[in-house]
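Engineer: Here is what each chain is made of, one letter per residue.
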Amino acid sequence: MAVIEVANLRKRYADHVAVDDVSFSVERGEIFGILGPNGAGKTTTVECVEGLRKPDGGRISVLGFDPHTDGLELRRRVGVQLQKSELPEKMRVSEAMDLYASFYANPADGDKLLDDLGLTAKRHTPYKKLSGGQQQRLAIALALVGNPEIAFLDELTTGLDPQARRDTWQLIEQIRDRGVTVVLVTHFMEEAERLCDRLALVDAGRVVAIDSPAGLVSRVDGGGLRLRFRPSVEFDAGILTALPEVTSVAHTASQVVVSGNGNLLHVVSTTLAAHNVVPLDLRVEQTNLEDAFVALTGRRLITEEA
Amino acid sequence: MSGISQVMDVAQENDHRAPGKAGSVLTGLGKLTGSEFRLMLRDPGIFFVAFFPVVLVLVFGLLPSTSSPSEEFGGGRFIDFYLPPVLTMIIAMMALNALSGVLAAYRERGVLRRLASTPVRPVTLMLAQGLVNMLLLSSVTAVVLLLAGLAFDVPLPRQFFGFVLAFVLCVSAMFALGLLIAALAPTGKAANGIGTVAFFPLAFLAGVWTPGPLMPDVVRRISDFSPLGAGSQAMQAAWSGAFPKPLHLIVLLGFTLVVGFIASRLFRWE
Chain S
892 MAVIEVANLR
902 KRYADHVAVD
912 DVSFSVERGE
922 IFGILGPNGA
932 GKTTTVECVE
942 GLRKPDGGRI
952 SVLGFDPHTD
962 GLELRRRVGV
972 QLQKSELPEK
982 MRVSEAMDLY
992 ASFYANPADG
1002 DKLLDDLGLT
1012 AKRHTPYKKL
1022 SGGQQQRLAI
1032 ALALVGNPEI
1042 AFLDELTTGL
1052 DPQARRDTWQ
1062 LIEQIRDRGV
1072 TVVLVTHFME
1082 EAERLCDRLA
1092 LVDAGRVVAI
1102 DSPAGLVSRV
1112 DGGGLRLRFR
1122 PSVEFDAGIL
1132 TALPEVTSVA
1142 HTASQVVVSG
1152 NGNLLHVVST
1162 TLAAHNVVPL
1172 DLRVEQTNLE
1182 DAFVALTGRR
1192 LITEEA
Chain L
265 MSGISQVMDV
275 AQENDHRAPG
285 KAGSVLTGLG
295 KLTGSEFRLM
305 LRDPGIFFVA
315 FFPVVLVLVF
325 GLLPSTSSPS
335 EEFGGGRFID
345 FYLPPVLTMI
355 IAMMALNALS
365 GVLAAYRERG
375 VLRRLASTPV
385 RPVTLMLAQG
395 LVNMLLLSSV
405 TAVVLLLAGL
415 AFDVPLPRQF
425 FGFVLAFVLC
435 VSAMFALGLL
445 IAALAPTGKA
455 ANGIGTVAFF
465 PLAFLAGVWT
475 PGPLMPDVVR
485 RISDFSPLGA
495 GSQAMQAAWS
505 GAFPKPLHLI
515 VLLGFTLVVG
525 FIASRLFRWE
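Protein sequence lines, in the order shown, are assigned to chains S and L.
Residues in the first sequence are numbered from 892 upward in steps of one, following our numbering.
Residues in the second sequence are numbered from 265 upward in steps of one, following our numbering.
Isolated chain S (complex conformation) (with noise of 0.2 Å):
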């Protein structure tokens, strides 16, 4: 049963169009992710469906409700973690989860929440003295204070170190288990993979693509393998294109790049043999999110970070 969808969604800013026709749904119990680069209206799509700004064109029902015209019963079923929002300096832990749960009729145990994110230490610690990252998993814990049937959570991990990074995924995913559905915005593609059951690829105000990790990724090249070497000597590259595995062949500057699939690496590592040419440097690389983004936009999903 879809808890959101999300039709011919449009927004447009005096300069710009942030959203240009945007349509998902979003299953009960999942995990759907809005993967895109930064300034591709992912959180203009998620703030339009939390019903913090107005769309100006399309349809949005969230458990059944308009964000616009309902937002009161919107606003007390879901839980939102903005991508830049702070709490006041000398705000304490306990005291904004106190305050959070205050606003809603079935508050979660705020403890237990702090426990689980690992906060427990810094109840009495104000906001201002915590670490981006605890300030990061109080925003979580804020975000499910109110025992939310949805959790909105945009861009979660941004600042987190890798080991912060991998238990909020693990956290993400008990959010799951315990029937949350959860909406994750994210440009992170490792994220996205490791977390998402479905997730809708955003370009330049567009849905490019929806569909699982595996989905997407099996939409390049079946999917397939990628073998990186710097050849012992020059070859013919048709030896290699001859192979029903291999869908193509490239050449970079002292590299040659080798996609296919199925037993792609023992087929090309027999057939350069039998040629008398050694494979050196080689490596395997798996076909990923990223390289699906580049197959349906032609464009890099990561851009300039800094």
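Derived by calculation from the structure, the hints in this document are not laboratory data.
No residue lacks a Cβ here, since even glycine has one placed at the ideal position from N, Cα and C.
Check the hints yourself; a few may be wrong.
[As the list claims (entries may be wrong)] Okay, derived cross-link-like pairs now, PhoX-like style, lysine-lysine, Cα gap no bigger than 20 Å in a straight line:
| # | chain 1 | residue 1 | chain 2 | residue 2 |
| --- | --- | --- | --- | --- |
| 1 | S | K1003 | S | K1013 |
| 2 | S | K981 | S | K1013 |
| 3 | L | K509 | S | K981 |
| 4 | S | K981 | S | K1019 |
| 5 | S | K945 | S | K981 |
| 6 | S | K981 | L | K453 |
| 7 | S | K981 | S | K1020 |
| 8 | L | K453 | S | K1019 |
| 9 | S | K975 | S | K1020 |
| 10 | S | K975 | S | K1003 |
| 11 | L | K453 | S | K975 |
[Claimed, not checked] Per the computed footprint, the stretches of chain L lying under chain S, defined by three or more beta-carbons under 8 Å from a beta-carbon of chain S, are:
| # | segment |
| --- | --- |
| 12 | 301-307 |
| 13 | 372-380 |
[To be verified] Each pair of labels, with its calculated beta carbon distance range:
| # | chain 1 | residue 1 | chain 2 | residue 2 | range |
| --- | --- | --- | --- | --- | --- |
| 14 | L | L517 | S | A1095 | 45 to 55 Å |
| 15 | L | L305 | S | D947 | 39 to 49 Å |
| 16 | S | R903 | L | F507 | 54 to 64 Å |
| 17 | S | G1009 | L | F425 | 41 to 51 Å |
| 18 | L | L399 | S | K975 | 23 to 33 Å |
| 19 | L | P450 | S | D947 | 18 to 28 Å |
| 20 | S | H907 | L | V407 | 52 to 62 Å |
| 21 | L | L290 | S | A898 | 27 to 37 Å |
| 22 | S | D947 | L | R485 | 47 to 57 Å |
| 23 | L | V432 | S | D1088 | 56 to 66 Å |
| 24 | L | L399 | S | D961 | 31 to 41 Å |
| 25 | S | S916 | L | L290 | 32 to 42 Å |
| 26 | L | P450 | S | V1148 | 42 to 52 Å |
Using the hints, position chain L against chain S.
Structural biologist: Same frame as chain S, now just chain L:
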């Protein structure tokens, strides 16, 4: 037991369907007010606002030149005419620095936007801020009146209702101005800066440097139409037993409504 919880469930269910699509302004007001009050007490600047007027009253009450009758004050004392300027000064500090700075910072830091995604409305947080500031101002005013009365024989305002009216209107006019600054300033720090710049001319017109009869007539004419000047003079009138002049009350009410309306139009949640 189960009967009770059933009743509560029903009550909650009804509450869910309670009126208003946007929710009541009162939702969460109590909790937010308590929370804002705790945060205010942690702000060191508040002690300045709380103690500064007390120190002023002590100084001018103890200095021989300001605590003895003088010709310039028609046989009265400087201290007898100085409480209205002192009170308007702390109102200005709270409105122009504390209130505007906090609200602008809340917007800048996304606190208001975060609230907008909960069942509580951001305007409720602003209301809680207003309540907390009003509470502090009233307490400080009570302390100042008591101290001046007990230690230096300054009588309480003889037209007490007139005084309360003038005080409340002066606070609301200045809060409207504070809200306008918060609406215009891009950051909390900018709001503090604008507030500080606005403070000096307004405090001058309130008679902080030229209390009571010392204020030149031309300045008094201008002062009539400024929020702190009107407030200060309205309070002074109440002190001497007269009801505040309608002009001053109208000026205060006008500032509250006009500036408050403009500010609420200009204020953005983000």
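Engineer: With reference to the structure, classify each hint as holding or not holding.
Structural biologist: Here is what the structure says about each hint:
no.: 1; hint: K1003(S) / K1013(S); verdict: holds (13 Å)
no.: 2; hint: K981(S) / K1013(S); verdict: holds (13 Å)
no.: 3; hint: K509(L) / K981(S); verdict: violated (43 Å)
no.: 4; hint: K981(S) / K1019(S); verdict: holds (6 Å)
no.: 5; hint: K945(S) / K981(S); verdict: violated (32 Å)
no.: 6; hint: K981(S) / K453(L); verdict: holds (16 Å)
no.: 7; hint: K981(S) / K1020(S); verdict: holds (9 Å)
no.: 8; hint: K453(L) / K1019(S); verdict: holds (16 Å)
no.: 9; hint: K975(S) / K1020(S); verdict: holds (17 Å)
no.: 10; hint: K975(S) / K1003(S); verdict: violated (25 Å)
no.: 11; hint: K453(L) / K975(S); verdict: holds (19 Å)
no.: 12; hint: 301-307; verdict: holds (count 4)
no.: 13; hint: 372-380; verdict: holds (count 6)
no.: 14; hint: L517(L) / A1095(S): 45 to 55 Å; verdict: holds (53 Å)
no.: 15; hint: L305(L) / D947(S): 39 to 49 Å; verdict: holds (45 Å)
no.: 16; hint: R903(S) / F507(L): 54 to 64 Å; verdict: holds (56 Å)
no.: 17; hint: G1009(S) / F425(L): 41 to 51 Å; verdict: violated (57 Å)
no.: 18; hint: L399(L) / K975(S): 23 to 33 Å; verdict: holds (32 Å)
no.: 19; hint: P450(L) / D947(S): 18 to 28 Å; verdict: holds (26 Å)
no.: 20; hint: H907(S) / V407(L): 52 to 62 Å; verdict: holds (55 Å)
no.: 21; hint: L290(L) / A898(S): 27 to 37 Å; verdict: holds (36 Å)
no.: 22; hint: D947(S) / R485(L): 47 to 57 Å; verdict: holds (52 Å)
no.: 23; hint: V432(L) / D1088(S): 56 to 66 Å; verdict: holds (58 Å)
no.: 24; hint: L399(L) / D961(S): 31 to 41 Å; verdict: holds (35 Å)
no.: 25; hint: S916(S) / L290(L): 32 to 42 Å; verdict: holds (36 Å)
no.: 26; hint: P450(L) / V1148(S): 42 to 52 Å; verdict: holds (50 Å)
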